[in-house]
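Those protein sequence lines, which keep their order, are chains A and B. At position 33 of the first sequence the residue is numbered 33 (UniProt numbering), and the sequence of numbers has no breaks. At position 295 of the second sequence the residue is numbered 295 (UniProt numbering), and the sequence of numbers has no breaks.
Among these hints, one or two may not hold up.
Calculated lysine to any residue pairs in the SDA-like style (CA-CA distance at most 25 angstroms, straight line) [what the hints assert, rightly or not]: (1) Lys197(B) to Ser7(A); (2) Lys197(B) to Pro6(A); (3) Lys157(B) to Ala113(B); (4) Lys111(B) to Pro6(B); (5) Lys50(A) to Ala296(B).
Reference listing, derived: stretches of chain B covered by chain A, where coverage requires no fewer than 3 residues with Cβ under 8 angstroms from a Cβ of chain A [what the hints assert, rightly or not]: (6) 3-15; (7) 190-198; (8) 214-223; (9) 336-343.
These are calculated hints, taken from the structure and not from any lab test. Computed from a prediction, not measured in an experiment: that's the story for all the values here. Think of the CB as a built atom: it goes at the ideal place given N, C-alpha and C, for glycine as much as any other residue.
So you can see what is in the structure, the chains are spelled out below.
2 protein chains.
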Amino acid sequence: MALISPSRRLRRTPFSDGVEAAGVSAYTVYNRMLLPTVFRSVEEDYHHLKSAVQVWDVACERQVELRGPDAARLMQMLTPRDLRGMLPGRCFYVPIVDETGGMLNDPVAVKLAEDRWWISIADSDLMLWVKGIANGYRLDVLVDEPDVSPLAVQGPKADELMARVFGDAVRDVRFFRFGHFEFQGRDLVVARSGYSKQGGFEIYVEGSDIGMPLWHALMEAGRDLDVRAGCPNGIERVEAGLLSYGNDMTDDNTPHECGLGRFCDTQTAIGCIGRDALLRVAKEGPVQQVRAIEIAGDPVPRCDRVWPLMAGARQVGQVTSAAWSPDFGVNVAIGMVRMTHWDPGTPLQLHGPDGMQEAIVREGFWL
Amino acid sequence: MALISPSRRLRRTPFSDGVEAAGVSAYTVYNRMLLPTVFRSVEEDYHHLKSAVQVWDVACERQVELRGPDAARLMQMLTPRDLRGMLPGRCFYVPIVDETGGMLNDPVAVKLAEDRWWISIADSDLMLWVKGIANGYRLDVLVDEPDVSPLAVQGPKADELMARVFGDAVRDVRFFRFGHFEFQGRDLVVARSGYSKQGGFEIYVEGSDIGMPLWHALMEAGRDLDVRAGCPNGIERVEAGLLSYGNDMTDDNTPHECGLGRFCDTQTAIGCIGRDALLRVAKEGPVQQVRAIEIAGDPVPRCDRVWPLMAGARQVGQVTSAAWSPDFGVNVAIGMVRMTHWDPGTPLQLHGPDGMQEAIVREGFWL
């Protein structure tokens, strides 16, 4: 692997000092910001995540804030998910689509109030699309990126650690809900969510200045829980089938191809820009779709480009994320497969970096 | 420095195989794509760039293509530069601004025909803004990212190398003009441009499949010219005062603050979305502006965050890019300085990573 060159353009986060002190060994870049990917090793980080608790610098999940009388209308223009029943205090996973139904992002929308929303984005400059739409449609709304940086606490001991810092009431926050909790006199949004299947929270740290104080408080409070700095884990998230925008889907894909059809209320999401295109897709169904893929044989390296999935001489899909799973003893992978070959149990051949390997379409992911 | 983790999300380019074979040692990420930053060392690459010729994988300068009857109208909506006199065959450096006059990108616009343009972008997902505007204003235009990857040939021997591959006619291409040249039966746009002051060309490689054949042809033809794989150089570009979007300017800055006022024809660029805001700026002038900054003392490390520029206890600016220059024997830097302290010769103190260092505002850049 090559090194990453530092520059202001690859933005540091309010937690970067803590991440460096904890001995980060590799990064990726996400929304033009540093996102740690490895501390001790991907495998060691993986076992620790599944058994203890980790604090993750996910400041790169930037927020796009919508504020003003047209905020809710704009939010509905962006997504085919029907938001009419959504109450303040709720988080919704929302596919964001363009006028052709192509995925532009798959963020979590946080409804703070009727006229104030955060869109907690995956890796694309979604703010530019939102600002362009707001401008073009002359909407009465302010769109900007506030000084809000999510810090995730993930792992089976996350509840215990969070309760020590925020009080026992944090245990009562339900999945994809959020509450307001105080830290050093500051009111923070804390949601039960996160990019792992180990359970945990995301703290929307408003104000960079309290980033490191909160980091230290969590590390201090969790010493006997073996709390460590961690990060989204390249093995665990594939086992769990957590898709990654830019890896497992791009603007070439519709939500239905990504298995997100259940978040598309195409009949009722009036105002959604991509609705016409998605009505068509919803009627005919997608011709390819995301699937869990098991790859036989030796451990595969990191998937740095699409790996074709073949049925004989014909390409019928591609793998976009893959990892050797120590717990399951197989290569776990996420792929996109054409409908002729997407049934569980279908044998395929992976054209990987080390030649051909046998692969099979699974019923579901591992977790 | 930490490592960079491979993933499909950090897109490879049509030239990545060549870059790896040439022994790339560090990358940055630019438009969610790999951009090499170091081969042998930044210093060795620097001396070689100034004395020989290099081939640069700058595929990360993605193109936003505008096609259709409203292409020219949309292009003018994006920029305060008056494009009415621009003929096909020309390249214009165009600040792109939002409705407040904030910089969204500083690309080169390539006018292929009245109804067909490429915007060769710096590091932001400009396509999302352009698509949002096109959709909101109901423009009759197609906006997408074509399979076009620039390959730059830079250095004093660039003309000689290019003539060997494309024929002597390429020598006649004037600065910021382009011509059509053939390679292996394919018609390619070749412009005299590039992100160095050493002279050279950018080849808009249309069709990923001819990326490596062209790479090899250039390497083969230039063997006796000591051609090497190279990349935009962190020292040379600061000496030359070539700004970097995301480093030296962001959407907080107007073009006037970036010293790009000469590209703002605010009176005549009718239709530009940010025109009203920029009329105000043009009238009052900016209160801070980009300046060349010389930093005394020991070589500074890479600038990975803003470094405050102080006048006594008061912050009057910031440095955003800096490097030790072997040729000039000083630290060269790019900063943004308030008007009270921006006159040439003004002494300032840099609050850098190693404490305070003396700095001075220069009349201009080094090249």
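With the threshold set at 25 angstroms, check whether the alpha-carbon distance from lysine 197(B) to proline 6(A) stays at or below it.
Roughly 23 angstroms separates the two Cα atoms, so the pair holds.
With a C-beta cutoff of 8 angstroms, work out whether three or more residues of the region 190-198 of chain B approach chain A closely enough for the coverage to hold.
With 0 residues closer than 8 angstroms to chain A, the region 190-198 of chain B misses the three-residue bar; violated.
How does the coverage statement for the region 214-223 of chain B fare against chain A, requiring three or more residues with Cβ below 8 angstroms from a Cβ of that chain?
With 0 residues in contact (Cβ-Cβ under 8 angstroms with chain A), the coverage given for the region 214-223 of chain B is violated.
CA of lysine 157(B) to CA of alanine 113(B), is that 25 angstroms or under?
With a Cα-Cα distance of about 31 angstroms, the restraint between lysine 157(B) and alanine 113(B) is violated, given a limit of 25 angstroms.
Going straight from one Cα to the other, do lysine 197(B) and serine 7(A) come out at no more than 25 angstroms?
21 angstroms, holds
Are 3 or more residues of the region 336-343 of chain B near chain A, judged by a Cβ distance of less than 8 angstroms?
violated (count 0)
Does the structure keep lysine 50(A) and alanine 296(B) at a Cα separation of 25 angstroms or less?
Violated, because 51 angstroms separates the two Cα atoms, which is more than 25 angstroms.
Establish whether the coverage given for the region 3-15 of chain B by chain A is satisfied; the threshold is a Cβ-Cβ distance below 8 angstroms, and no fewer than three residues must meet it.
holds (count 9)
Hint consistency between lysine 111(B) and proline 6(B) [alpha-carbon to alpha-carbon, up to 25 angstroms]:
Given pair lysine 111(B), proline 6(B) is violated - Cα atoms ~35 angstroms apart, limit 25 angstroms.
Going down the numbered hints, you'll see the structure goes against 3, 4, 5, 7, 8, 9, while the others check out.
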